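Required output: the full structure, derived from the provided sequences and hints.
Listed here are the chains, written in short residue letters.
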Amino acid sequence: MLEFLLALLTTATVGALLVPLLRVSARRTERLDSALAIYRDQLAEIERERVAGAMPEAEAAAARIEVERRILGAANATDATAHAESSGIHRFLPPALALLIPLLALGVYLQIGRPGLPAAPFSAQRTAPHPNPNESVTVEQMLAHARARVTEQPNDPDANAALGEALVLEADGTVTPDALKAFDKALAGRPDDPRAQYYRGLHEAQSGDSRAAVARWQALEAKSAPDAPWLGMLRSEIARISRAAGMPVPTRDQVEAMQNLDPAQRQQAIRSMVEGLDAKMKENPGDRAGWLRLANAWKVLGENARAADAYARGDALAPLDTKTLTDWAEAHIRQIEPGAAPSPETVAVLQRLEKAEPRNALALFYLGAASFAAGDKPEALKRWKTLLALLPADAPIRAMLEERIKAAE
Amino acid sequence: MNRRLLFLLPLATLALMAGFFAWSLLAGRDPASIGSVLVGRPAPRLDVKPLREGEPPLTDALLKTGKPVIVNFFASWCTPCLAEHPLFTRLAERDGAVIIGIAWKNKPDEARTWLKRLGDPYKFAGADLEGRAGLDWGLSGVPETYLIDGQGIVRRHFRGPITERDLNETILPFLKGAK
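If you're matching them up, the sequences are chains P and U in order. Residue numbers for the first sequence follow our numbering, beginning at 1 and rising by one. Residue numbers for the second sequence follow our numbering, beginning at 1 and rising by one.
Read the hints as simulated data drawn from the structure, not as lab findings. Computed from a prediction, not measured in an experiment: that's the story for all the values here. By construction, the Cβ of each residue, glycine as well, lies at the ideal position given by its N, Cα and C atoms. Check before you lean on any hint, since a few could be wrong.
Derived DSBU-like pairs (lysine-lysine); straight-line CA-CA distance at most 30 angstroms [as the list claims (entries may be wrong)]:
no.: 1; chain 1: U; residue 1: K107; chain 2: U; residue 2: K176
no.: 2; chain 1: P; residue 1: K382; chain 2: P; residue 2: K406
no.: 3; chain 1: P; residue 1: K181; chain 2: U; residue 2: K107
no.: 4; chain 1: P; residue 1: K323; chain 2: P; residue 2: K223
no.: 5; chain 1: U; residue 1: K123; chain 2: P; residue 2: K185
no.: 6; chain 1: P; residue 1: K181; chain 2: U; residue 2: K116
no.: 7; chain 1: U; residue 1: K123; chain 2: U; residue 2: K67
no.: 8; chain 1: U; residue 1: K116; chain 2: U; residue 2: K105
no.: 9; chain 1: P; residue 1: K355; chain 2: P; residue 2: K280
no.: 10; chain 1: P; residue 1: K299; chain 2: P; residue 2: K355
no.: 11; chain 1: U; residue 1: K64; chain 2: P; residue 2: K181
no.: 12; chain 1: P; residue 1: K282; chain 2: P; residue 2: K382
no.: 13; chain 1: U; residue 1: K49; chain 2: U; residue 2: K67
no.: 14; chain 1: U; residue 1: K105; chain 2: P; residue 2: K185
no.: 15; chain 1: U; residue 1: K176; chain 2: U; residue 2: K64
Not close to chain U: a few residues of chain P, all C-beta gaps over 10 angstroms, as computed [what the hints assert, rightly or not]:
no.: 16; residue: I112
no.: 17; residue: L117
no.: 18; residue: T151
no.: 19; residue: V175
no.: 20; residue: D184
Stretch-level coverage of chain P by chain U, calculated; a stretch enters the list once three of its residues show a Cβ under 8 angstroms from a Cβ in chain U [unchecked claim]:
no.: 21; stretch: 160-172
no.: 22; stretch: 278-284
no.: 23; stretch: 349-361
As structure tokens, this is what we get:
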């Protein structure tokens with residue numbers, strides 16, 4: 001009904017616009033015709049009066065010329081305006097637009113705005129990259145599945161956490177008492193289960209204890225691996241709850257958040273996080289990326305021995321690339337006492353680095369030092385001279401290197 | 001000249017309206033607040049059928065026990081009610097508050113299912129299917145919450161869901177002070 005009324009209204013509007021637009025040119029010729037008719041009448045009258053002798057010949061001629069001039073003038077004027085307006089778009093654009101815009105609107109409406117269209121809910125869009133998008137799981141199915149799993153394995157933390165999550169979804173996001181029980185059971189089996197911890201915090205936030213929720217979530221955030229898939233969501237939840245409760249919103253980035261701590265505390269916090277990662281890697285030693293991440297973290301903290309060790313663990317799983325090999329070599333080199341020769345492990349890593357990248361400055365310099373310490377002066381000289389040739393003219397270590405070369409010679 | 005002034009009229013109207021809207025936004029008044037005539041007066045009549053089967057109906061006597069009570073109008077179809085519900089659960093469990101829940105314009109079995117799923121914090125629960133009690137209490141919708149002291153005087157009327165802030169700044173001090 002409403003659609004019909006709207007269509008009627010649009011048609012009436014378009015009609016009201018089109019009729020005068022289309023009529024303009026018609027009316028213009030009409031006007032010229034009526035003007036000409038008047039002049040023709042006038043000419044006829046002049047002729048009648050002249051014939052009847054009511055008007056002298058000369059006067060009649062003057063009057064006729066006057067009228068004829070007017071006729072020409074009128075025709076010219078109409079011609080001129082008609083010319084200006086009919087030329088090009090002026091004549092066709094307004095009616096065309098008046099028709100085109102409603103038609104376009106109708107097309108767009110039928111394409112994307114019509115009420116009968118199938119719904120495109122946000123959740124469907126989100127699950128679109130799912131391998132099987134046709135198979136959407138309803139909350140009821142999830143719940144039934146989770147219940148079945150808990151019946152099978154009543155004490156499995158994963159099963160309990162999944163049940164709790166399904167119950168929360170069923171309650172439109174409220175952590176219900178039943179869900180809470182499931183999460184507590186999950187936490188009893190695995191105290192740092194991230195899902196159960198998250199929902200436990202959500203319950204705290206929902207029942208008026210945002211402070212506890214944020215504290216719990218921040219602890220979870222600190223314990224999570226830097227690339228844990230839930231970190232983004234967790235951080236935005238922390239920000240949301242903090243804001244809602246009028247608490248200072250923690251900065252998104254962990255590192256930024258730590259700037260509120262004093263340096264010693266910050267160092268302590270970072271160290272405890274890395275220790276946590278270390279412990280996790282010992283439980284799960286097959287994770288090569290984890291070892292490399294740990295190695296990098298130790299290196300940043302200045303724990304070069306532990307960093308070198310972690311690199312070695314990662315390398316044992318699959319050989320490192322040149323870039324990581326360089327980092328590994330650096331971790332070793334930083335352990336060299338001033339004036340002492342590189343250790344055999346360091347030399348082994350450096351030799352691999354040299355093999356991968358024959359012009360690597362780090363390898364050339366320290367392998368030269370190792371050769372020198374082993375008494376192989378020609379080998380040391382060969383490496384150092386290669387390095388010297390590679391160094392830019394203003395390199396700060398140039399002088400030191402030249403001195404060493406001189407000493408070797 | 002006069003015609004030109006006429007053309008300025010829509011612009012002037014627009015400026016006037018923009019000014020009014022700007023004032024409304026910036027004057028700091030809460031457009032959602034419609035106040036309450038009940039605060040400071042004795043609570044309205046309470047005469048509601050029970051929600052849970054086998055319980056006595058709710059009467060005025062429940063409001064004059066010498067202890068503070070919280071009266072909460074809710075409905076299972078109301079989303080803000082869902083948001084404030086855990087706060088009532090917490091008030092009942094942790095703070096021992098006496099809460100009277102009235103399901104407003106809500107089918108009793110739907111309200112009961114809802115409470116079963118979310119937990120039932122109401123010591124007394126009524127069903128106001130026709131919304132008669134809602135009229136008596138000056139309800140504008142659900143959820144609304146009234147704090148009533150031991151003498152049966154309305155001390156506070158929340159229109160809309162209660163929040164953590166209401167809980168900490170108003171309700172908990174009220175329960176403590178009125179005890």
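U/K176 and U/K64 were given as a pair; does the straight-line alpha-carbon distance stay at or below 30 angstroms? 17 angstroms, holds
P/D184: least C-beta distance to chain U exceeds 10 angstroms? P/D184 clear of chain U: closest Cβ-Cβ about 15 angstroms, beyond 10 angstroms.
P/K323 and P/K223 were given as a pair; does the straight-line alpha-carbon distance stay at or below 30 angstroms? 28 angstroms, holds
### Query
Between U/K105 and P/K185, is the straight-line Cα distance small enough, at 30 angstroms or below?
With a Cα-Cα distance of about 37 angstroms, the restraint between U/K105 and P/K185 is violated, given a limit of 30 angstroms.
**Message:** Check whether the Cα positions of U/K123 and P/K185 lie no farther apart than 30 angstroms.
**Reply:** Judged against 30 angstroms, a Cα distance of about 28 angstroms means the pair holds.
Proposed proximity, P/K382 with P/K282 (alpha carbon, max 30 angstroms): Status violated; Cα separation ~43 angstroms.
Between P/K355 and P/K280, does the CA-CA distance stay at or below 30 angstroms?
33 angstroms, violated
Between the stretch 160-172 of chain P and chain U, are there enough contacts, at least three residues with CB-CB distance under 8 angstroms, for the coverage claim to hold?
holds (count 3)
### Claimed coverage, the stretch 349-361 of chain P by chain U - three or more beta carbons nearer than 8 angstroms
violated (count 0)
Check: For P/I112, which was marked as not at the interface, is the minimum beta-carbon distance to chain U over 10 angstroms?
Finding: Check passes; 28 angstroms lies beyond 10 angstroms.
Run the distance test for P/K181 versus U/K107: straight-line Cα separation, threshold 30 angstroms. Within the cut-off at roughly 28 angstroms; holds.
- prompt: Per the stated criterion, does the least C-beta distance between P/L117 and chain U lie above 10 angstroms, as a non-interface residue requires?
  reply: 25 angstroms, holds
When each numbered hint is compared with the structure, violations occur for hints 1, 9, 11, 12, 14, 19, 22 and 23.
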